[in-house]
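Next come the chains, spelled out residue by residue.
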Amino acid sequence: MIPVTETFLFSLLTGTFVGLATGYIGSLMVLKKMALVGDALSHVALPGLALGLLFNFDPFLGAFAFLFLAAVVTWHLERNSKLSAETIVGVLFVLALAVGILITPEPELLEALFGDITKVGLIDTVLTAVISILAIFTTKIIYKKIILGIISEELAISSGIKVSRINLLYLLLVALIVAVGIKSIGTLLVGVLVIIPAASAKNISSNLFRYSLLSSLFGVISSFFGVLLSSYVELPAGPLVVLLGTSIFVISLFVNKILS
Amino acid sequence: MVYTEGNSDHILKVSNLSVKLEKQIILDNISFKLQRGKTLSIVGPNGAGKTMLFRALLNLVPYTGKIEWNGKVKIGYVPQNFSVSEIPISVKEFLAFKKSNNVEYSFDSVELEEKIQNKRLNVLSGGELHKLLVAWALKDNPNVLLFDEPTTFMDMGSVEIIYEMLNKLEKERKITILLITHDAHVVRDYSDYMLALNKKMIFFGESSKISDPSLLKEIYGSHTILSRHLH
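Residue numbers (our numbering), protein chains in the order written: chain V, 1 to 260; chain X, 1001 to 1231.
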């Protein structure tokens, strides 16, 4: 039995909020066919974290600055490049990961890559909760507009939706939630949490309401039980969260087969 | 884009419209007028600028020249391309994106059955999907409908049903319809006027002229593309 300490509760709460927000916000990423972007985007945070560690400022701010820049670059490429956005983003973001690994001080490298949820305090928990809730509400406001833009950009624009602006806002929300998730899950794996719950939900959803609900729920289940399990087996939470998420995905494939 | 108030019979007046994108001329000096409650077919080979004309009419692309809509104009738009295969969304949810209580009315107009409301969009047939998009376009009572004909996954039967429906809408609701089509039969039987494009304007006038082989040759460079539908 694990003693229910303050740190343990903070970890569980932080994990749950990160799972909820990545699950809900990520549900759009999968529909926009930007799964690779979602994953690769998180890698960009590493050089930012490294700069924070090297120059003694909050690594979270460094990570967010880099993620913010990456979101704007992705948005710009999506609009203006004739090459596939996924190709360019894949190349650029893996470069960021390589540079990040080279400049991150070695003692902190493992934590930066995989996170350490046991170091989450009260302020981190409150900040995670507030940012997650705000990001979820903002995404809810633009959710239908983004879906209409995916169905037909012309239909969306002719209905008065500013598709380009909304896409930028959405990518910034993804960047924000990835930045928040880095502390608990790490830069290497938080991007995956944006994708796996949504991919699982998509396998077993016949409507949008169910899809976004299940995606959020799978995000919460993966994170909550991943953090819980990490306390029992004393392993990093990030990989366990991803393992649970992948297990749900495999189950969803079977359920999909049975349902169809 | 100009919106004017006047008693003119013309709902749309396009003068010297040109669209240039990335230094390429897409539309060159197009001028035509359309009366309220009439149907205009837009024809031309692939890449002639037909869809671009719609985009200009919807103010989605920069253009030179003048587009004047006369009176209160509400445009419903049915695009040619849309992607629903990967999205888990029901018919009911899709229709709810547009705020209006007109679901039954728009469903009746396009002869869609109420029971499909809980179906996922990607299980609908091509014909049902296009009817649904027309229902969506009609939901907030437009008086102009822009219909970009699908070139894929529509069988001849579905095409016929869609155009019968558009014809009925024109008569019952006095909707002005602009449609892009590749089908001479549609131009002849369901339209009042025809605009033939190939970047430049080749012809504007009565739709019956579609049966003129020399005009067809001028538009398409051969007789073969449309003639199969003329019998």
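Be aware that one or more of the hints could be misleading.
Claimed, not checked - To list a few chain V residues with every Cβ distance to chain X over 10 angstroms, as calculated:
#: 1; residue: 31
#: 2; residue: 87
#: 3; residue: 98
#: 4; residue: 105
#: 5; residue: 144
#: 6; residue: 206
#: 7; residue: 209
#: 8; residue: 211
Stated by the list, open to error - DMTMM-like cross-link-like pairs, simulated, lysine to aspartate or glutamate; straight-line CA separation at most 25 angstroms:
#: 9; chain 1: V; residue 1: 33; chain 2: X; residue 2: 1114
#: 10; chain 1: V; residue 1: 162; chain 2: X; residue 2: 1068
#: 11; chain 1: V; residue 1: 144; chain 2: X; residue 2: 1068
#: 12; chain 1: V; residue 1: 140; chain 2: X; residue 2: 1093
#: 13; chain 1: V; residue 1: 32; chain 2: X; residue 2: 1114
#: 14; chain 1: X; residue 1: 1013; chain 2: X; residue 2: 1093
#: 15; chain 1: X; residue 1: 1020; chain 2: V; residue 2: 78
#: 16; chain 1: X; residue 1: 1013; chain 2: V; residue 2: 154
#: 17; chain 1: V; residue 1: 144; chain 2: X; residue 2: 1170
#: 18; chain 1: X; residue 1: 1038; chain 2: X; residue 2: 1170
#: 19; chain 1: V; residue 1: 162; chain 2: X; residue 2: 1114
#: 20; chain 1: X; residue 1: 1092; chain 2: V; residue 2: 154
#: 21; chain 1: V; residue 1: 140; chain 2: X; residue 2: 1170
#: 22; chain 1: V; residue 1: 202; chain 2: X; residue 2: 1093
#: 23; chain 1: X; residue 1: 1092; chain 2: V; residue 2: 78
#: 24; chain 1: V; residue 1: 145; chain 2: X; residue 2: 1022
#: 25; chain 1: X; residue 1: 1199; chain 2: V; residue 2: 154
#: 26; chain 1: V; residue 1: 162; chain 2: X; residue 2: 1170
#: 27; chain 1: V; residue 1: 202; chain 2: X; residue 2: 1128
#: 28; chain 1: V; residue 1: 144; chain 2: X; residue 2: 1114
#: 29; chain 1: X; residue 1: 1066; chain 2: V; residue 2: 154
#: 30; chain 1: X; residue 1: 1074; chain 2: V; residue 2: 153
#: 31; chain 1: V; residue 1: 140; chain 2: X; residue 2: 1149
#: 32; chain 1: X; residue 1: 1099; chain 2: V; residue 2: 153
#: 33; chain 1: V; residue 1: 162; chain 2: X; residue 2: 1093
#: 34; chain 1: X; residue 1: 1200; chain 2: X; residue 2: 1160
#: 35; chain 1: X; residue 1: 1023; chain 2: V; residue 2: 234
#: 36; chain 1: V; residue 1: 119; chain 2: V; residue 2: 234
#: 37; chain 1: X; residue 1: 1099; chain 2: V; residue 2: 154
#: 38; chain 1: X; residue 1: 1209; chain 2: X; residue 2: 1086
#: 39; chain 1: X; residue 1: 1098; chain 2: V; residue 2: 153
#: 40; chain 1: V; residue 1: 257; chain 2: X; residue 2: 1086
In case anyone wonders, no lab produced these hints; they're calculated from the structure. By construction, the Cβ of each residue, glycine as well, lies at the ideal position given by its N, Cα and C atoms.
| Looking at the structure, which of the earlier hints fail to hold? | 1, 5, 6, 7, 8, 9, 11, 13, 14, 17, 19, 21, 23, 24, 26, 31, 34, 35 and 38
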